[in-house]
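> Could you put the whole structure together from the sequences, leaning on the hints where they help?
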Amino acid sequence: MEETTARSRQPREGSGRPGPAGEPRSRRAWWVVAAAALAIVVAGAFSTLPGILQGPLRQEFHWSRGTIGFASSVNMVLYGLTAPFAAALMDRFGIRRVVVAALGTVAAGALLTTVMTASWQFTLFWGFLVGLGTGSTAMAFGATVTNRWFTTRRGLVTGILSSGSVFGQMVFLPALSWTVDHYDWRPALVTLALVALAVAPAVGPVLRDHPADIGQRPYGSPVFVPRPSPVGGAARRTLTVLRDAARTAPFWLLAGVFAICGATTNGIMWTHFAPAAHDHGMAVTTASALLALIGVFNVAGTIASGWLTDRMDARRLLAVCFALRGALLLSLPVVMAATVDPAMMVFVVAFGLLDLATVPPVLALCRTLHGEDSAIVFGWVNTAHQIGAALAASLGGVARDALGSYDPVWIVLGAASSAAALLSLVTRGSSRAYDTA
Numbered sequence: 001m002e003e004t005t006a007r008s009r010q011p012r013e014g015s016g017r018p019g020p021a022g023e024p025r026s027r028r029a030w031w032v033v034a035a036a037a038l039a040i041v042v043a044g045a046f047s048t049l050p051g052i053l054q055g056p057l058r059q060e061f062h063w064s065r066g067t068i069g070f071a072s073s074v075n076m077v078l079y080g081l082t083a084p085f086a087a088a089l090m091d092r093f094g095i096r097r098v099v100v101a102a103l104g105t106v107a108a109g110a111l112l113t114t115v116m117t118a119s120w121q122f123t124l125f126w127g128f129l130v131g132l133g134t135g136s137t138a139m140a141f142g143a144t145v146t147n148r149w150f151t152t153r154r155g156l157v158t159g160i161l162s163s164g165s166v167f168g169q170m171v172f173l174p175a176l177s178w179t180v181d182h183y184d185w186r187p188a189l190v191t192l193a194l195v196a197l198a199v200a201p202a203v204g205p206v207l208r209d210h211p212a213d214i215g216q217r218p219y220g221s222p223v224f225v226p227r228p229s230p231v232g233g234a235a236r237r238t239l240t241v242l243r244d245a246a247r248t249a250p251f252w253l254l255a256g257v258f259a260i261c262g263a264t265t266n267g268i269m270w271t272h273f274a275p276a277a278h279d280h281g282m283a284v285t286t287a288s289a290l291l292a293l294i295g296v297f298n299v300a301g302t303i304a305s306g307w308l309t310d311r312m313d314a315r316r317l318l319a320v321c322f323a324l325r326g327a328l329l330l331s332l333p334v335v336m337a338a339t340v341d342p343a344m345m346v347f348v349v350a351f352g353l354l355d356l357a358t359v360p361p362v363l364a365l366c367r368t369l370h371g372e373d374s375a376i377v378f379g380w381v382n383t384a385h386q387i388g389a390a391l392a393a394s395l396g397g398v399a400r401d402a403l404g405s406y407d408p409v410w411i412v413l414g415a416a417s418s419a420a421a422l423l424s425l426v427t428r429g430s431s432r433a434y435d436t437a
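Counting from 1, one number per residue, gives the positions in the sequence shown under my numbering.
Derived by calculation from the structure, the hints in this document are not laboratory data. This structure is a prediction, so every number in the text was calculated from the model and none was measured. Be careful, since some hints might not be right.
Simulated restraints, written as ranges between beta carbons of each label pair [what the hints assert, rightly or not]: (1) Arg58 to Arg311: 42 to 50 Å; (2) Thr339 to Arg243: 51 to 59 Å; (3) Val346 to Leu194: 32 to 40 Å.
By construction, the Cβ of each residue, glycine as well, lies at the ideal position given by its N, Cα and C atoms.
Dropping the structure here:
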């Protein structure tokens with residue numbers, strides 16, 4: 001029995017083909033990436049709904065924007081707070097179990113939201129359950145897959161998986177918006193929940209936990225890597241990693257930078273762009289189509305950022321992304337109009353290219369600074385991202401109710417992005433986090 005187990009853990013003959021430099025390349029690694037991306041795509045689609053649900057929920061329940069924004073902010077905080085614990089749970093129980101359970105939780109939260117009658121239920125079902133499920137399939141999940149299955153091309157893989165959540169928005173947003181307009185918001189939620197339930201058993205068989213499970217090497221690794229033993233005490237380990245990381249200045253710089261990133265993307269754009277455009281006379285379906293178009297360019301921008309992260313100083317790339325994003329947000333009060341003109345199209349394309357382009361360089365810096373714990377550390381940094389997003393989602397709605405306009409919000413967040421560009425440059429870390437082979 002022991003001999004059989006030992007043989008099963010050895011690399012199979014022909015399990016990888018040699019690359020240009022003679023390094024074995026596992027084809028299975030890319031299938032795992034595809035399965036992980038599919039789970040991320042479906043989970044990411046849920047983040048589009050608060051923006052298009054604002055109108056129907058206010059009309060049916062007479063809730064304020066601040067009330068709806070509060071549930072969205074709870075969702076975003078849990079999305080971030082769950083990620084580091086989910087990364088540790090994947091080390092303990094395996095990737096497949098955690099991801100399948102997460103998709104089931106997301107579906108349950110969405111279905112329960114359709115029968116809610118009070119705002120606290122919206123916070124519980126959508127804010128807590130959906131936030132918990134989507135947080136378990138967040139970017140820390142992508143970091144775990146990348147760390148286990150790849151030793152080269154990590155920046156590119158990070159870019160692909162990071163773009164998955166926005167690709168989900170791009171795919172589902174127009175259809176969900178059309179469903180809400182022509183039928184009701186409940187059928188839209190039910191449809192998305194059924195998709196999540198259908199995807200869970202589909203990705204399970206493909207999403208293997210480690211290359212050693214099938215006798216293969218990680219992509220680009222010249223040697224066979226045994227599967228590490230399960231790490232017990234997931235919660236304790238997650239908090240210990242946080243304690244150690246929090247003793248370093250770069251961790252706080254990255255957390256601050258990523259908090260601003262969350263505020264200027266998920267927090268304001270995906271929650272308040274459609275209502276802000278509607279304030280200027282634009283139809284909600286048109287605004288939703290623009291968000292979907294942002295998602296199209298987001299995929300290209302994030303993958304390109306991953307490719308660049310393999311090849312240049314991650315800090316400088318991060319600074320450029322934030323500086324350009326700040327300029328775009330500062331221009332939005334002038335660009336926003338009732339119709340889609342060339343200026344708006346320039347904003348949509350440019351913002352799409354920059355939206356998630358910050359993820360690969362931040363993860364690169366986490367890996368450089370924290371090694372094997374980088375997925376958990378990145379999960380904590382992502383928690384800061386979601387706290388920033390939650391504050392922007394909640395306070396953005398409050399500001400609109402109080403001031404009657406979103407213009408001051410765009411200006412404040414544009415200035416914050418410029419500050420993040422400066423903070424990025426002073427974050428210490430190796431200029432090369434990944435092998436470029």
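> When the structure is checked against the list of hints, which entries are broken? Sort them ascending.
Hint check: nothing fails, all pass.
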